[in-house]
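Undergrad: Sequence:
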Amino acid sequence: MASITGDKPSAAGGAVELSIGGMTCASCANRIERKLNKLDGVTATVNYATEKAKVTFPADLDPHVLVAEVEKAGYTAALPEPPKPEQGPEEPDDELAPLRTRLLVSVVLAVPVIALAMIPALQFTYWQWLSLTLAAPVVVYGGLPFHKAAWTNLRHGAATMDTLVSLGTIAALGWSLWALFLGSAGVPGMTHGFDLTITRSDGAGNIYLEAAAGVTAFILAGRYFEARSKRRAGAALRALLELGAKDVAVLRDGREVRIPIGELRVGDRFVVRPGEKIATDGVIEEGSSAVDASMLTGESVPVEVRPGDPVTGATVNAGGRLVVRATRIGADTQLAQMARLVEDAQTGKAQVQRLADRISGIFVPIVIALAVATLGYWLGTGEGVGAAFTAAVAVLIIACPCALGLATPTALLVGTGRGAQLGILIKGPEVLESTRRIDTIVLDKTGTVTEGRMTLVEVHTTAGVTEQEVLRLAGALEHASEHPIAQAIARGAAERVGELPAPEDFANVEGLGVQGIVDGHAVLVGRPRLLAEWSQHLPADLTHALEQAQAAGRTAVAVGWDGQARAVLVVADVVKPTSAQAIAGLRALGLTPVLLTGDNQAVAQAVAVQVGIDEVIAEVLPAGKVDVVKRLQAEGKTVAMVGDGVNDAAALAQADLGLAMGTGTDVAIEAADLTLVRGDLRVAADAIRLSRRTLRTIKGNLFWAFAYNVAALPLAAAGLLNPMIAGAAMAFSSVFVVSNSLRLRRFR
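Residue numbering for the sequence shown is 1 to 748, as defined by the UniProt record's numbering.
Quick caveat, the hints were computed from the structure, so don't treat them as lab data.
In silico lysine to any residue, SDA-like type, Cα no more than 25 Å apart, as pairs:
id, residue 1, residue 2
1, Lys72, Thr56
2, Lys148, Trp178
3, Lys427, Arg693
4, Lys72, His156
5, Lys427, Arg745
6, Lys576, Leu591
7, Lys427, Asp439
8, Lys38, Trp151
9, Lys699, Gly417
10, Lys277, Arg321
11, Lys699, Arg689
12, Lys246, Arg258
13, Lys699, Arg745
14, Lys148, Leu177
15, Lys35, Arg155
With the hints as extra help, turn the sequences into a complete structure.
TA: What follows is the structure, encoded as structure tokens:
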């Protein structure tokens, strides 16, 4: 995917984003980073999850040198392509298709090999040769990515999980070939009996094909699921750019001409009708309206705009017809800047370091040293070449991480499956590591803690006027308006009164409100100024109600009819009924909640008091949300962020753990690590608990998988490892890991 930042390598030096290929683990990312940082004046950060390297370089350096340096390290790199004017639909899963094919072929061939080795009743006369025929393609073709990675690592003097898998499977296959062709394992009628005595053998009758094929298939499955979740890292950026308008009605010689958005130029005048997206950032030249900018700014109340006011691309015109002059296009717009923020936050995330890789880095060299020492020792004692090689290869085979390959994918599969049942979607293993450490949770207000839409909350009337009467007349008039506040009043009136009458002579008074005739009454609904123009002044009790509502950050609308001001309606974005309980649940997990919003301080403070949050940060722009998260991180806090809007996407990506409400925008969901499908904040506490439990299970699995290997190594080195015991122990180890993972299904 081409860089959305539009960074172009130039002779003046600067920054460039390279797409990196061929990384199989976090240590690969570290290696590339070290290689690039050795160049004079170059600073690089490589992200394994997004497969991107962000590099700044001096003026005299050709960016192609950076590509060459990465290729010297054994990986691929590509400079960003220039942006294409028209992006088609997302390209197919081309990277995943070969891995999926490899996985399917390996599973289909490995299952019969394992069955033949484990069930003596299936061992017909020449079963061992059928096993070889099926297992060889699995180890060679299925395991090719591991062998390639092991070779790359070997050239750089490093060892990872891939090295262990490659070594173990090749050793198992190699020994089986020797036993079949040169030993006694190839004789007709050979069987693997259940002889559980610990005796020394020369290994000439033992084959380990099921271990080689099984390990390859299991670990390929884990790699495939990981690759699938990783590939979604770029989807947040694609979703962000999808938000913009696709075409625009430009005014040319007084006529409207529809053109693709890519052809729009700075200074062009374009028309935006009610309900349409504003094509790009600009200034209003004609018309007035209310613009719903909640998607970008998080403000729950639509913004009133008139000639001379600036507007932002991708926001929605909720009211009248507007003529806008374009001031910024393409990469300069606020939407493009937000895409850049999301990308920077994703690339800047801490490198994902998988626990198995970290342990493998220490474990592999020890195993290889032990295998060499075992071979040397038995050759030195004169036991014979066969017995010496049996013991050395047994060390490599027993170290082969069968259960280790299962430890993470099975726990993830069960944990994510259980999460999906509870309405929690977990993106990948790196997410779980974050949940363990978080101590601060930042909550977006609009749509997360509150409902995210305006609701009629209070009706204040003068003496002798009923609530029913006010709602019937005001609701009927507001029903004819497209303004979001009008719609909230109409909705509230319809719920409380029932069917509303149709108004006559309806008129929209720009920037002030609406007027018309309902059931023979001349009705005015809007700002107190609109009523004052008709000499309908608010009495003291209604003025007090209006001021109180405004002090609490709510929107108050005056209603009058037949020459007199008679009511004040109060509209607000109400707090979700479950939010206070959710905050209590998050506190119980040891987290400090912080309320973050683009809304004004009074609104934010009122919401915080209702739900029990002490710290409030209000009137923050989208870029400011990222800065708030960075500031908290700089203070040494590990930050989780819960949000639902486009304006939260960059902050969700920047946070150590991003949680998106499933009722929110696709951009927020893509940028987050966890998605809460139901839009209920209480699920956030469940999500963190489930993630922590899944992580504990993975760590438990890894411990037992390694413990089994370490315990069996001395037996192998002593030449006492009967293949049946090894097979049974390996199977038990895997069964234990799977059953331990299945306990996650009982999570409540």
